[in-house]
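Enquirer: Sequence:
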Amino acid sequence: MKKISLIISLIFTSVTGILTSCSEDYPGPDPVDVTANYSNKFSNPNPTLTLVYNGENMTGKSVDFSTVKGETANLTFYDILPGEKALKLTHIPLTGDAEGYSFQGKGIGTTTQSTFNYEGRVVKGRLILNLADVTMANANLWAKNYRFADVEHGTGKVIADEGNGYQWEEKDDKMTSCAIYFRFPETEEATETSYNGQNMGSVLQGLLGYLLPCILKDITLEPDGNIIANYSGDAFNEENKDLFIGNVLTAFLNMDIEDQDMITDAIKDYQYTTSPKGLAYWFQRDGKIVIKLDLPAIISQVASGSGKVIDKNIISSISDAIFSMDALKLKSLLKTVNGQLQNEILGFIVSMNDQSFATFFDWLSNGIPMHIKIQNGHSYIYLDKEGIAPILKLLGDFHPIVLKMLPSLLPPEMAGLAGFLEPLIDMLFITWPECALLVQSFDLGPVSYTHLTLPT
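If you read the sequence shown in the numbering used here, its first letter stands for residue 4, the second for the next number, and so on.
DSSO-like, lysine-lysine: derived pairs with alpha carbons at most 27 Å apart:
1) Lys315 - Lys332
2) Lys376 - Lys220
3) Lys177 - Lys388
Ranges between beta-carbon positions, derived for each pair:
4) Asp329 - Asp272: 43 to 49 Å
5) Lys407 - Gly342: 18 to 24 Å
6) Lys127 - His94: 21 to 27 Å
Quick caveat, the hints were computed from the structure, so don't treat them as lab data.
Ideal Cβ positions, reconstructed from N, Cα and C, are used throughout, including at glycine.
Modelling step: build the complete structure from the supplied sequences, incorporating the hints.
Expert: Right under this line is the structure:
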């Protein structure tokens, strides 16, 4: 019996020694305890991620953290850097202690070439991540404060209808600059298509050239990708509404803005609100400026401003639907949200047909790519025909809505203009898009001054 006991003891000791020699001596906690997905999504009642983006807390996001031996780690950021849907950083050196691991380094976007510094700390059940010095590619060129260009007049060519044909003629004092840039190709032989294109371009310049400066004071593209706007709703207040609509109609019907004073005098007493960060972003891709909206953040902001509360699970599901490219699910969720908010813009979005909504969904998922150029002291951020074609196709959806709203938009003393304006609205929303889609190219977008720099 003693021999058997001795043999068993020796076997047990050997096995114990083998097991001990195979165990890992990690520099911190067992990697399996900290390898996880960490999130602060709206639906998460107990967030496991604390995320700071250039000094601002960022919510609704998630990050994968993984390590095998506690020596190096991999991080994956999901839709955190503008334009980077899933950005993976690998072989990050770790410094471990009894509670967790710390790390830091520099990163660069694989799609946008944006740069940033990062530092973090992970413990079981919690990841703290700080992104600093986030800078979009070519921020030194485009990160500026932009104010809409003033109205300027000069001499230019227009098309006039003379009897049965179309003929180029000169017109003095034509508006040459305002808040909107429109370039429609000139042709040697004037046609109905080119005539309608030039004519409606003038209508758009008159309409939007007055409308935009009354709503937006300026827009700032910040180096970290945030877009900040100073905006006002004072144009729609009772004391300003009649003047605003009267001036819009004048610019719309005359296809022109009389002078800069027409705008300056109207907005002199407006009060402006600065939009919060985290609602819209910009980044550069393929030589274009891409504008991307954060729809969940915008909906939360709208709900907060109207004193309503939206279920955080729905907001989180909207984020997931956009990330997973599920357009049908998003449309269903937006219908639910609009049932609570009763927002006119949101109502229009959910009433789109499937083809139009697919365009809207693509903008949400991938952003709106816009050309940008600087010329003669002005910057032009614009859509070419390829970029604006989806918008032209959407105008048909707007047409019945605008006609329905028209009587309520006009002051009582202008109610008689409704019948007169309907053919112009038909041309703007139906005829002009059909003509514009027939030409080879054209450009449309805002015009602003470029000499302004970011405030310090």
